[in-house]
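Residue numbering for the first sequence follows my numbering, beginning at 337 and increasing consecutively.
Source of the hints: derived by calculation from the structure; they are not laboratory data. Treat the hints with care, since some could be wrong.
To be verified - Heads up, simulated DSSO-like pairs for lysine-lysine below, C-alpha to C-alpha not over 27 Å straight-line: (1) K605 to K565; (2) K392 to K605; (3) K475 to K454; (4) K735 to K750.
Unchecked claim - Restraint-style ranges between C-beta atoms, simulated for each label pair: (5) T466 to K605: 26 to 34 Å; (6) E669 to P533: 38 to 46 Å; (7) E728 to M775: 19 to 27 Å; (8) E637 to E728: 39 to 47 Å; (9) E814 to K706: 27 to 35 Å; (10) A716 to A790: 18 to 26 Å; (11) G743 to E705: 37 to 45 Å; (12) A813 to E637: 33 to 41 Å; (13) E566 to L488: 27 to 35 Å; (14) K605 to E690: 17 to 25 Å.
The beta carbon of each residue, even a glycine, is placed where N, CA and C say it ideally should be.
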Amino acid sequence: MAPNLLVKEKKERVSRLRELEGAGAGFTVRLAPYPSGAPHIGNTRMYILNDEYARKYNGRLLLVIDDTIGSEDKFPDLESYALIEEGLRWLGVKWDGIYYKSERLEIFYSWAERVVQKGIAYVCMCDAETLRSYREQGKECVHRSHTVQQNLEFWTMMVEGKFGDGKAVLRAKTNMNHKNPAFRDRVLCRISSRPHPRVGTKYRVWPMLEFSWAVDDIELKMTHVIRGKELVMEDMMENFIWESMGISGPLFEHFGLLRLKGVKISKSKSRAEVASGAFSGWEDPRTWSLQSLAARGFRPEAIRSFMLSLGMSLADIEVPIDSVYSENRRLLEPVANRYFFVEEPVTTTVEGLEGEVVVESYLHPDHPEKGRRIIRTGAAVCISSGDMDSFEGEEVRLKDFCNVVLGRGRSAFKGRENRELQRIQWVPASDNIRCRIIMPDGSVVKGLAEMNVAGVPLGVPVQFERFGFVNPRSRDAEGLTLYYTHE
RNA sequence: GCUCCCGUAGUGUAGCGGCCAAUCAUCUAAGCCUCUCGAGCUUGGGACUCGGGUUCAAAUCCCGACGGGAGCACCA
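Sequences are here, hints too, so could you generate the full structure?
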């Protein structure tokens, strides 16, 4: 190959994902969201990486809804299934098949039996506390020495409902003296009679994450598992089970923990707030759900390129949310039309101005071909109270219109020629549209926009000059409701 | 405490034995441009945690220290 081609290729390398060991034909990975609320920005790293690797290797991406029974404060709900698919579609993630853990209990049961038969799992009837303290002490309990036959019987009793909730669990027989206390005889299956949104009370024994995956990573023929590194312990469990059974499983790949500075996400809190009405719904920006990002006018590609820029680094990182914003701004900036908006308006009348004035400006200063916008105004205009506070008594330019010495109530006209003055946005006092803007923290900013905004299409972000990008969402008699995207 | 992981500019990231007086993005400073405190253009700023070792050669390999993070749930 010619050397100049090599150089070119090196320059075009734009955050290319590193190669995965053993990736090739048949490459299969999976996405395993848990349906306890809408998917949020924090979940997208896992989504994007799996999706992107599946594309890179021309492989398969399976969507496996991880809807086991969960816990007291983390349980599946029906609404979330749809929210997940909707969110993923918006993100541009394409899956080649969808599975539900809740439909695969029989498969887990048969594996559980095999595991018991192999002698690498036993039914333990210690309560949670005893179990934990024994694990800490490295002490074996009496149940550990039961025979395979006894364990098989106990297991059958578990499945048949002879034990109450929490009265028995299936545990892996790893090693109670394992140097890593977290690895000592972990629980594989437990009993919960809580009704499941899809299968009700049909099943009472549910697998833990690591066991369900020890099964499904084989059953669904995964070649690789790309997951956060908080799950390395689970890899160890899966590997233990596979090794004990003499089968080989997929390769594990991890990425480090990502924290977004300026973003606090709690799915369970969001769910509670959405349910109580404290949040307006899953579109409420405070949920940081994909639905809310869509409502704010984010481009899914911005999320994708941001996540890809982090790569597969194992380091735990904290990145300011502004990095995501600047990624999105890059996409919005060239296409978003510009309009005037004034926050908390105050009226001032330009003295010495008669009749109606027609003001023309561009929809986008960098793209004159997009056309012009026209504002017809009288002498009375509204400006934001913030600008009034800052510039009262000074000569400023009402952008594209005229220069005035700003005063409360009345301003003195200083000519229309374009001069180098502080420029401020304004709207005609008589002809404007009321706007309410939902801010990322859930607060509402009220103000007035020029009338051209009234006809703007919903769902297409625009820029309110010197205010920020906003996404028009709905229109009613009260005016326009928009979501604030970012600066 | 125990186990594991990580440590390149402010924040991320590339590099993974010589081409590195270290890439890119963001950030930041100045200038140009612009009827937005936007965008664009130009120029500049800023980093291999520390200490040993291996080697002709180390950001890259080894050891130790220090710092950060995660796991130690009958959640995922």
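Here's how the hints hold up against the structure:
Pair hint K605 plus K565 holds up; C-alpha atoms about 24 Å apart against a cutoff of 27 Å. Restraint check for K392 and K605: not satisfied, since their Cα atoms lie roughly 36 Å apart, outside the 27 Å limit. A threshold of 27 Å between alpha carbons decides the hint, and for K475 with K454 the separation of about 22 Å falls inside it, so the pair holds. At roughly 13 Å between alpha-carbon atoms, K735 and K750 fall within 27 Å of each other, so this suggested pair holds.
At roughly 32 Å, the beta carbons of T466 and K605 sit within the given window of 26 to 34 Å. The supplied range of 38 to 46 Å is met by E669 and P533, whose beta-carbon atoms lie about 43 Å from each other. Between E728 and M775 the beta carbon distance is about 26 Å. The supplied range of 19 to 27 Å therefore holds. The hinted range of 39 to 47 Å is satisfied by E637 and E728, whose Cβ atoms lie roughly 43 Å apart.
In this structure the hint that E814 and K706 lie 27 to 35 Å apart at CB holds, the actual value being about 29 Å. Between A716 and A790 the beta carbons are some 19 Å apart, a value that agrees with the proposed interval 18 to 26 Å. The hint said 37 to 45 Å for the Cβ distance between G743 and E705, and at roughly 39 Å that hint holds. In this structure, A813 and E637 meet the distance hint of 33 to 41 Å, their C-beta atoms being roughly 36 Å apart.
Between E566 and L488 the CB atoms are about 34 Å apart, so this pair conforms to the stated range of 27 to 35 Å. Evaluation of the 17 to 25 Å hint for K605 and E690 yields a failure: the beta carbon distance comes to about 58 Å.
Checked against the numbered hints listed earlier, the structure breaks hints 2 and 14; every other hint is satisfied.
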